[in-house]
Amino acid sequence: MESGSPLLRLTTNRARPTPLRALEAFVYEGGEMPDGFGWYLLRSPDAMTRVPVGVPAAMLPAEFDHLADGDVVRLEPSRGGLRTLFRKAVPYNHFLLTERCNNYCLMCSQPPRAVEDGWIVDEILEALPLIDRQATEIGFTGGEPTLLGDRFIELVKAANSHLPATALHILSNGRTFAAGTLARDLGAVRHHDLMMGIPVYADLAHLHDHVVQANGAFDETIRGILALKAHGVRVEVRVVLQQQTIARLIPLAQFLARNLLFIDHVALMGLELTGFARANLEQIWIDPADYQAELAEAVGILDRAGLRTSIYNSQTCVLAPSIRRFARRSISDWKQEYMPDCTGCLAKNECGGFFSSAKIRYSRAISPITEYAT
Amino acid sequence: MAKFRDVAAFDDSASSGYTMLPWRFTSLDDERYVATNMAGEYLAMSREEIFDFASGRLPANDDLYTDLKSRHFLIDADTDVAVDLLALKVRTKLAPLANFTGLHIFVTTLRCEHSCPYCQVSRANDDKREFDMTEETAMRALDLVFASPSPAIKIEFQGGESLLNMPMIRFIVAEALRRNATAQRNLAFVIATNLAVLDEETLAFAREHGILMSTSLDGPADLHNRNRPRPGKNSHEKAIDGIKRARTALGHYNVGALMTTTAASLSRPREIIDEYIRLDFGGIFLRPLSPYGFAIKTKTYAAYDQRKWLNFYFEGLDYIIDLNLAGHEFIEHYAAMVLKKMLTPLQTSYVDLMSPAGIGIGAIVYNYDGTVYASDESRMLAEMGDTTFALGNVHDNNFAEIMLGEALLNPLEQSFAGSVPGCSWCAFEPWCGAEPVFHHATQGDFVGKKPLSSFCTRNMSVFRGLISRMEADPEVRRIFERWANIV
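So the protein sequences, as listed, match chains A and B. Numbered according to the numbering used here, the first sequence spans residues 15 to 388. Numbered according to the numbering used here, the second sequence spans residues 8 to 494.
Quick caveat, the hints were computed from the structure, so don't treat them as lab data. Hints may be right or wrong, so weigh each one.
To be verified - Distance condition first, Cα-Cα at most 27 Å in a straight line; then the derived BS3-like pairs of lysine-lysine:
hint : chain 1 : residue 1 : chain 2 : residue 2
1    : B       : Lys100    : A       : Lys243
2    : A       : Lys171    : A       : Lys349
3    : B       : Lys10     : A       : Lys373
4    : A       : Lys102    : A       : Lys171
As the list claims (entries may be wrong) - Listed next, the stretches of chain B that the computed footprint assigns to chain A, with coverage defined by at least 3 CB atoms under 8 Å from CB atoms of chain A:
hint : segment
5    : 91–105
6    : 286–294
All residues carry an ideal CB built from backbone N, CA and C; glycine is no exception.
Using the sequences and the accompanying hints, generate a full structural model.
As structure tokens, this is what we get:
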């Protein structure tokens, strides 16, 4: 086993087959201490004496209580650190492939940085074979993953090979695909269950370009989507609902239905107030209560055209009743929160709830649903 | 943090001027015009707006400018991806052409126990088999069916009363299925029948092979029975009984009904629609008057009849719209097919609204005697003595001779709406059909003079009527969007 900063799969199973033990870290939670593991991670310091002699061991701080069987972590003993790459108990794990990006979106939740971060690719290539092959779905995000070029393709190939039953969702602005070659190479991977999530913010080029702060981005993104579909790659169009996108939301829905009817999914998404979104809050914020008419019409246009349509990051009480059936509980359970206003609400089980970041601003229309309409 | 630029920094349209993409306009009513782009997307505009746009003077900050830009009537310095998208949309509209003939009509017999006056092709029921298709003819016709490159093949049995030659239907279905085991097409069968002679063995056979039934229902009993006489004067009763039995055996959606509009229908659109609602159909096809009677014999422009049909049509359409507004979902199929062309990037397979025309390459008819006709109307024309659209015979001609012969290529080439006078500059051309058979029948040439064409008059009125209605009421537009995506 690599010393230094090992990448390890965790187990809590003291009866693991012997050949696997040397490759894994045992998370000790009491009882008899098993032999043969490559690493030992301890919940309390007094267990240190029970670790087999000469085998590396480390104490897990309380913030890592969630670590469980099947998780994959990077140990960095020199810094006393640990990074979680994969959590088996979570239905959707995502990997940030690079922090670099060629867009600079007004509401970016993961502001880009122009850094050389090629090491990330190596780490993910190392991690993918260790991930639970029963995982439902993983995601690749950034930054802009496609800026990695051939290494991006290498990662998709690795996900296809090592996780043959796992869906792969990739967030990209699509621009790199406009030239055609990367779309061709991605199509040639023939990943068994791939979806490219690509944002389109308006039917008019300059409005989209403004949101992503990049001149010419709209044309490249649209050409990228066309190239991907021409090479058999599934595409989801993502629209963030904010001040800059609401005015043309209905024409955008008409544009998608007329020009891109062959896309596979449309996601209309409420703001996540982190990163640039927080910095630009006054510029981008629109109360969801104030765009329900536009949203309902846009969803109707997309739905009537037969486009599969979802609303993400929304709360049931704010949504117009006619479109509540399109809302998905998109915020991961452990990130999902509710506001004090939600006390007594009967609809929490269907409601998407809030990102914790929503505390700084949320709709004035939030109010508990205390009886069901008949 | 880096500075964010405001929207003006990304908007070059004001400074650049615009380049028009191909577009056309036609008047909508006294005040407004309809402008269409190459792919059939439309905008209703005022005369002044048309003038400003056409003269290059439309300012970039005008709402109309953004609508025209969004719908690919223009490009400017901001963006030119519209050219790619427009090309894609035009290709999508024309793509079904490459599939070639999908609908193959087999006339299994001309015999019929009905004696409908509007039918040009049936023969009174008798025991003579001279009007029945033979196995040899069916085998030759199937050679041509499977020579078609279409990935989807629908075989429709017509008559006469197709069920009077049930052994031939069984033979053709079995043989087509046998051939399809290697040909691997998406193969479907439809039996067009008046249902009067429907028996349980036929239903069991249809159920076993997933065969659809299509029948005639002209309206309430008195109207239907007057249009469709048979011994016993019980055509309506038989049809309704047959619809119920066929639905029970085959499933609700596997039984369709078509009405034929006659002079007697024209005053009764609501009663006809109510009959379809009463029988739990999800829609009705308010079909145009057939020209293969009066108009053909006199070679005159039947404007008077056409006007009466339009009144009938729009009274029916408005009644159906009101039903939908009140919450009962019900489609008018002619409108739905036109709306599909107007509001979606897709194309309909309705032969009358195809350009290039659908004759031969959209649908083709194998007559009982082996004669191959370019369409059902071509067969009717032949029965009246005009064999212009007889493409050959299954016993004498091979696939190439039939599909590449002058009898088919001439009318296809000459009538293509994109290039003929009267159509090529019409804003409605992307939605319309070429209809060489109709124009030949009424005017003696494949193109015809469009101002004298009742086909043109009728469709112009339908296009205008549909646009006016959805421009006036967003709720109607939503209903129309739904229809457009159902057919």
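For this session: Could you grab the alpha-carbon distance between Lys102 of chain A and Lys171 of chain A and see if it respects the 27 Å cut-off?
Result: holds, 21 Å
Problem set entry | Restraint check for Lys171 of chain A with Lys349 of chain A, where alpha carbons must lie at most 27 Å apart | violated, 30 Å
Exercise. Quick one, are Lys10 of chain B and Lys373 of chain A close enough, alpha carbons at most 27 Å?
Worked result: holds, 26 Å
For this session: Verify the proposed pairing of Lys100 of chain B with Lys243 of chain A, using a straight-line Cα cut of 27 Å.
Result: holds, 18 Å
For this session: Between the segment 286–294 of chain B and chain A, see if three or more residues pass the 8 Å beta-carbon test, and mark the coverage as holds or violated.
Result: With 0 residues closer than 8 Å to chain A, the segment 286–294 of chain B misses the three-residue bar; violated.
Exercise. If you look at each residue in the segment 91–105 of chain B, do at least three have a Cβ nearer than 8 Å to any Cβ of chain A?
Worked result: That given contact holds, which follows from 4 residues of the segment 91–105 of chain B lying within Cβ reach (below 8 Å) of chain A.
Violated hints, in rising order: 2, 6; the structure is consistent with all others.
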